[in-house]
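Colleague: Here's the letter readout for the chains.
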Amino acid sequence: MNRKKLKFVAGSAVILGAVVTLAISSFDETKAYYQTVPELKAMGSRAEGRRVRVAGNVVPGTIVRREEGVVTFDIDYEGEGLSVRYVGRAPLPDTLVDRAQAVAEGTLKRDGSFEATLVQAKCASKYESAYEEGKTVLE
Amino acid sequence: MHHLGNFALMAILVFAAYAVLASLLGVWKKNARLTESAERALLACTALSTTACFSLVALLLRSDFRFEYVASYSNRDLPFFYKVASLWAGNDGSLLFWAWLLLLFSGIVVATNRRKNRELMPYVVATLGAIALFFTYMNFWVCNPFEQLGVMTGEGPQPWAPEDGRGLNPLLQHPIMAIHPPILYTGYVGFVIPFAFCIAALATGRLGAEWITSTRRWTLVAWAFLGTGLLLGGRWAYVELGWGGYWAWDPVENAALLPWLTSTAYLHSVMIQERKGMLKVWNVSLVIITYLLCVFGTFLTRSGVVSSVHAFAESDFAKIFLIFIALAAGASAALVFHRLPALKSENELDSMMSRESAFLFNNLLFLVACFAVLWGTMYPVLSEAIQGEKATVGPPWFNDVNVPLGLGLLALTGIGPLLAWRKSSLDSLRRNFTWPLVMGVLTGVILAALGMRQAYALICFALSAFVIGTIVQEFHKGAKARRVHRGGSYPGALLDLTLVNTRRYGGYVVHFGIVLIFIGVAGSAFDTEKKADLVAGQSIDIRGYQVKFLGLDEGRTKNYEWMSAKLEVTKNGKLIGTFAPQKHFYLASQQPTSEVRRHATFQEDLYMVFAGVTDDDKTTVQIFVKPLVRWVWLGAIVVFLGTIVTLVPAKRELRLARKVEAVKQSLLVESKKKYEVA
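Chains A and B, in that order, give the protein sequences.
Using this note's numbering, you'd call the opening residue of the first sequence number 1 and step up by one each time.
Using this note's numbering, you'd call the opening residue of the second sequence number 1001 and step up by one each time.
It is worth saying that the hints were derived from the structure and are not from the lab.
A hint or two may mislead.
As the list claims (entries may be wrong) - Quick list of the computed label-pair ranges, beta carbon to beta carbon: (1) Lys1344/B <-> Pro38/A: 40 to 46 Å; (2) Lys1574/B <-> Glu68/A: 38 to 44 Å; (3) Gly11/A <-> Pro1649/B: 45 to 51 Å; (4) Ile1637/B <-> Asp98/A: 39 to 45 Å; (5) Ile1325/B <-> Asp28/A: 27 to 33 Å.
The beta-carbon is built from N, C-alpha and C at its ideal position, and this holds for glycine as well.
Let the hints inform the model, and build the full structure from the sequences given.
Modeller: Structural data, given as C-alpha cells:
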C-alpha cells in the first residue's frame, strides 16, 4: 500500500470510528423494546424504567382528554388491560379513536400505569367487520 | 376473474416471458430479427399494462364496488380527483401502477434505442422483461387488484357488492398525496433503466463510458424525482399530519432515503470514472445497490415487517419479494465478479488534495449514512433475529448519527468543486478558499456573538455561508473570464457560462438548493411550541405572537363534517389575520383528521393545531413557531431547477452534434450518388 492510499484509509478509519462511537453512545438511550401487555405485566418491577412499545386495542369509552393535551386511555391485548397516560408534546394522532389499534411508547410506572411519550394508532375499519359476517373474495 | 384487467395481466406474463427468451436467444444465435421481435413484445407489454391500469381507474371512477379494491379504497362521494388517486392508495393498485411505470419507461427505452446501443439492447430488454415478469406475477397471483367480492350462500359463493365503499384514507385526501406517490414512484422505478444498462454492460463486457452516458439523463431524472418525492412526502406530513414536523425517520421515509443516498454517491463517483477511468467496480456496484434498495423500499413499505404509520396491510408476499431481491442481488454480484478483471482501474489516486479524494470522502459519508439508516430501520427485525427481543431505535438516534455526517457532506459540497483534479497546488488552494472561508468564519463569529449557542446549527450556518461563497465565487470567476474574452454584459456572461457547461453550473445550482435545505433544517434547532386549553377570549403568547381563541365553528360537506377553532393572530401588537385550524370527520371511513393552519414567512412558520376539546369543554390549541422551514421547500425547488439545467445539452455538445449530423448527411448524399451511378 502506498502512502496516499494509507492516508486515505487512515482518514476513512477516523470518520468511521467517530460515527460508530456516536452510534453506540446514544443507542441505548433511544432504544425501546416491543412487548405485549401480558409480557410487560409479567415483568413486574423489572419493567420499571425500561423503554418499551406496547400494542393493544383502545377500550371504547376510555379516552379522556385532560388538561394541556394530556390524554388517558386504556388498551387491551388478548383480555389483558393497561392504562396509558399520554404526556408527549406532539399532538395525538387523529386515528386514536375507540377500538383503534394503538402502539404506545414509554415506561411502566410503579402504580402499574403506563406513561407514554409517543402514541401511534391505526383505525379499525368498519369494512373488515363485514368480512367477519361471512363475506369472502371470489376465486 | 373475468375482467379486461386480468386478461391484460395474463397477456403481459406471456409477452414479457417471450421478450426475455427471444432477446437472449437472439444474442446467442446472432439473430437480429429475434431481438427486434423481443423489443416489440416489450412494447406490447407497455400497451397491455396501460390497459390494465386504465381499466382499474375506470372501475374506480364507476364506483364498481363488486371489486374488492374499489370497495376498499373509494366511495361514491369521493371527488373525481381522489377516485383516480385511489389507484395508488392501496397495495394492489399501487403495485399495478408501479408495473405500469416500469413498462412505460421500458417502452421509451426501446423506442429511443432503435439505432443506438444495439449490442446492449438485447440484455437491457431481457432485464426489463424479467423485472416486469416478476411484478406482473405479483399483481396477478399475490395481490390482484381485480378480485371480486362474494358472499357464501347455500348454492356456493355468489357475487356481492356493498352499498358504498370504505373510502379513501382521509389522510391521503390531500392534493400533495395525489402527486407525491407518482413522483416518488417515477424516481423509484426510474433507476431500473440505469440498472438494466449496467447489467447489459456487465453481460456484454462493454464496460466503457457507453452505458454511463446512455443512462446519464435517466439517472438524473430518477434522482431528481426521488428527491422531490421525498420532500413532497415531508411537506405532506408537515401540512397534513399535524404533528409539526416534516421528517420523523419513519421506516417508509427511510426506505426512500436509502436509494437517494446511494444514487447521490453514484452521481459524484461516476465523474471520476468519466475523467480518469477509476472506480469502475464501485460505480456498477452503486447502480446495482441503488436499484436493489428501490425494490427493497417497495417491499418494506408494503410488507409490514417493520411497524410504521405508513405500512399497507400486511400481506403474505414478503417471501416472494425477498426471493426476487435475493435473486437479483445474486445474479448482479455474479456478473460483477465475472467481470472483475475488465473493471480494473486505469489510474491511481494522485493526492489527498484533489477532486478525486473529495469525491471519495463524499462517497464514504453517503454510504456510511446509508448503512446507518438501514441499520436503524431494520433494527426491529435484526434485534429479534439476533437477541430474540424486538426493539426499535427512535428519531434521536438517527439524528445523532446523521447530523454530523450531513455537516461533513455540506463541507465537502464547498470543498470538492474548488479542488483541482489530480492535485491542487498550495497557491490555488489559497486563491480559491480565502474568500469563502472568510465568509464562513465571519458568519459563525457574528452568530455566536449574537448569542447563538446551538453548536450544530452554528456550524451548519457557517458552512452554508462558506459553500454559498464558493458557488458565488465560481460563477463570478467564470463570468469575469468570459467577459474578458467575449465582452457583453455581466448577466449575459453568467447565462452564457451556464449554457456552455450545463453540467458544471447546473450542479452548482443543485448544490445551492441543498444548502438552502440545510439552512431550513438547521432552523429546527430553534423550534418552540406551546399548548393550552382555552375558552373564547383567552390567548397564547409565543415568540412575540399573540394567538387569541375566538370560538368554535362547525359545518359539513358531502365527504366530511368539520369543526374549527377560530384564532386571531397578532405579532407585536400588529394584526396578522384570523386562522381556523380544523378537525374533519370523514363519513365514509369514520375517521377524524386535523387540518392545521400556517402563517408562513421566510423567517418562520406559525403553525396552528386544533388539538381537540377537553372533557370540561375547553378547546386545546397547540401553536408551533418553526424558524426557516420555508427554506427547505425553496431549496427543493432550486434543486429540481438545477437538475433541469444539468439536463440541458451544453452549447458545445449541441454544436458537436450538429457537425456530426452534417457529416452524416453529406456521407449519405455521397453514397446515394455512388449508388445511382452504379
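Colleague: Next, verify each hint and record whether it holds.
Modeller: For each hint, the structure was consulted:
1. For the pair Lys1344/B and Pro38/A, the beta carbons lie near 60 Å from each other, so the given range of 40 to 46 Å is not met.
2. Distance hint for Lys1574/B and Glu68/A: a CB-CB separation of about 28 Å, inconsistent with the stated range 38 to 44 Å.
3. About 37 Å separates the C-beta atoms of Gly11/A and Pro1649/B, a value inconsistent with the hinted range of 45 to 51 Å.
4. Here the CB-CB span from Ile1637/B to Asp98/A is close to 42 Å, well matched to the stated 39 to 45 Å.
5. The supplied range of 27 to 33 Å is met by Ile1325/B and Asp28/A, whose beta-carbon atoms lie about 31 Å from each other.
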